[in-house]
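S.K.: Listed here are the chains, written in short residue letters.
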Amino acid sequence: MISFIVFFFFAAVAVIFGLVVILHRNAVVGALSLVASLFALAVMYVLLDAPFVAALQIIIYAGAIMVLFLFVIMLLNLQHQREAPTRPIQQFLGYLGSAAFAIALVYYVAKYSVMQLPPGPFVADARTIGIRLFESYIFPFEMVSILLLAAIVGALLLSARGATSR
Amino acid sequence: MIPTQWFLILSAVLFAIGVCGVLTRRNGITIFMSIELMVNAVNLTFLAYARQFHQLHGLIFVFFVMAIAAAEAAVGLAIFISMFHHRETIDVDEANLMRW
Numbered sequence: 001m002i003s004f005i006v007f008f009f010f011a012a013v014a015v016i017f018g019l020v021v022i023l024h025r026n027a028v029v030g031a032l033s034l035v036a037s038l039f040a041l042a043v044m045y046v047l048l049d050a051p052f053v054a055a056l057q058i059i060i061y062a063g064a065i066m067v068l069f070l071f072v073i074m075l076l077n078l079q080h081q082r083e084a085p086t087r088p089i090q091q092f093l094g095y096l097g098s099a100a101f102a103i104a105l106v107y108y109v110a111k112y113s114v115m116q117l118p119p120g121p122f123v124a125d126a127r128t129i130g131i132r133l134f135e136s137y138i139f140p141f142e143m144v145s146i147l148l149l150a151a152i153v154g155a156l157l158l159s160a161r162g163a164t165s166r
Numbered sequence: 001m002i003p004t005q006w007f008l009i010l011s012a013v014l015f016a017i018g019v020c021g022v023l024t025r026r027n028g029i030t031i032f033m034s035i036e037l038m039v040n041a042v043n044l045t046f047l048a049y050a051r052q053f054h055q056l057h058g059l060i061f062v063f064f065v066m067a068i069a070a071a072e073a074a075v076g077l078a079i080f081i082s083m084f085h086h087r088e089t090i091d092v093d094e095a096n097l098m099r100w
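Order-wise, the sequence lines are chains A and B. Residue 32 in the numbering used here sits at position 32 of the first sequence; the count goes up by one each step and never skips. Residue 100 in the numbering used here sits at position 100 of the second sequence; the count goes up by one each step and never skips.
Honestly, the hints are just simulated from the structure, not real lab data. Among these hints, one or two may not hold up.
Claimed, not checked - Which bits of chain B does chain A cover? Going by a derived footprint, with three or more residues having C-beta under 8 Å, they are:
1) 6-15
2) 20-28
3) 48-60
4) 72-82
5) 94-100
Heads up, the beta-carbon is just placed ideally off N, CA and C, and yes, glycines get one too.
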């Protein structure tokens with residue numbers, strides 16, 4: 001029973017702060033709201049029996065990626081800039097299209113994903129995940145590490161001031 | 001035990017919020033944050049199905065999605081810094097050099 005209350009509370013938190021991200025005109029408020037939304041999603045991961053992924057969500061997303069966002073916002077001094085308003089036709093079509101998309105998605109999820117398997121052994125602790133990651137997923141793992149290295153080099157090259165003039 | 005469908009519906013709503021942000025905003029960083037929101041909605045779907053089918057594959061995929069989201073954020077923000085140095089704005093409507 002308590003898990004249902006937790007689910008609804010944090011689902012509401014995630015959706016409300018997600019709406020703040022896309023509706024607020026100030027980028028700093030948007031970034032901090034996104035942090036709150038990601039924290040609520042970490043609670044969802046705990047409810048889904050994946051506490052290790054929840055910890056990673058907080059460490060990587062809230063700790064690393066969102067700090068990077070905030071750092072760039074502060075670096076470019078965007079917290080004082082007012083964003084130019086969107087064209088009304090684009091705004092109207094965007095809201096209409098995404099509302100239709102949401103309704104269709106929720107409708108089909110509610111209609112066709114009706115399935116209940118009996119609760120079975122689902123162990124998702126760090127040990128099991130680590131063994132799986134380094135046994136059957138070792139090749140994608142190494143590929144991702146190379147991709148991250150390429151991303152670091154690319155980000156350094158792109159953001160270096162005057163790199164294009166040299 | 002909370003039904004899987006509820007997690008899927010929450011994920012669908014969050015994904016639609018992200019789509020709305022990408023379609024209606026002009027600030028490049030806000031568009032990026034909307035993309036992060038969509039990525040997280042997909043992660044929630046992966047984990048919901050992982051629990052549903054008692055399989056670890058969905059969980060492993062979430063790791064790769066997180067790593068690729070980190071790489072994407074680093075490169076994308078670097079692109080916005082570079083764009084800001086050239087054009088003094090990160091309004092995506094101003095990046096119209098290749099526009100027909």
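S.K.: Would you mind marking each hint as holding or not holding in the structure?
M.R.: Hint check:
1. 6-15: n = 9 at 8 Å, threshold three: holds.
2. 20-28: Answer holds; 7 residues pass the 8 Å Cβ test.
3. 48-60: holds (count 9)
4. 72-82: holds (count 10)
5. 94-100: This one is violated; 0 residues, fewer than the three required, reach chain A with a Cβ under 8 Å.
Hint 5 alone, counting from the list given before, is not met by this structure.
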